[in-house]
Amino acid sequence: MIESIQQFDIELFLRIHRGLSNNFFDWLMPLLRNRFFWSPVYIFIVVFCIKQYKKQGLYIIGMIILTFALSDFTASKLVKPFVSRVRPCNDFGLANFIIHRVPCGSGLSFPSAHATNHFGIAAFLICVFYSRWKPILPTGIFWAASVSFAQVYVGVHYPIDVTAGALLGTMIGFICSLIFKKLQPEF
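In full-length UniProt numbering, the protein residues as written are 1 to 187.
Calculated directly from the structure, the hints in this document are not laboratory data. Keep in mind that a hint or two might mislead.
In silico BS3-like cross-links for lysine-lysine, where the CA-CA straight-line distance does not exceed 25 Å [what the hints assert, rightly or not]:
id	residue 1	residue 2
1	K134	K51
2	K182	K80
3	K54	K182
4	K80	K134
5	K134	K77
6	K54	K181
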């Protein structure tokens, strides 16, 4: 059973990594996974929260930071060492199939910390702001999913890595939103 899931994961990885290969994605996907590319979004969120919600905005920013910290710690320090899955770009069995679009890194693969972190933040923001701004749902999911998809396209994660990261991050983001609502019931 595990072997058939891993085989499916490798086949899907290759369909995305090699099968969707094109010049536009080769340019775009490395950008989407780069934290500096998203800096204007992060700055907007901070400025918006402070300007729009004053003191509560500071609590929102603090909870976003907590969500990120919990997501990153859980994925990188708890789950990855336990699972110890090698990244596809470091897998000797895939060496002849990998297109090197970004440096691979020496870290482990499962789950994707990028996916965990971005889905965690997106889930938190969706839970906090959905009642006030409905477009946060598709916007947040699209943002986190595009970062996660880019991880597979550039060859540093398998599809199951980003799927598990998305589920883990969503759970952490949801829990952090419950904590925020408990601490700020009037929001």
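Okay, the hints, checked on the actual structure:
no. : hint          : result
1   : K134 with K51 : holds, 20 Å
2   : K182 with K80 : violated, 31 Å
3   : K54 with K182 : holds, 18 Å
4   : K80 with K134 : violated, 34 Å
5   : K134 with K77 : violated, 34 Å
6   : K54 with K181 : holds, 16 Å
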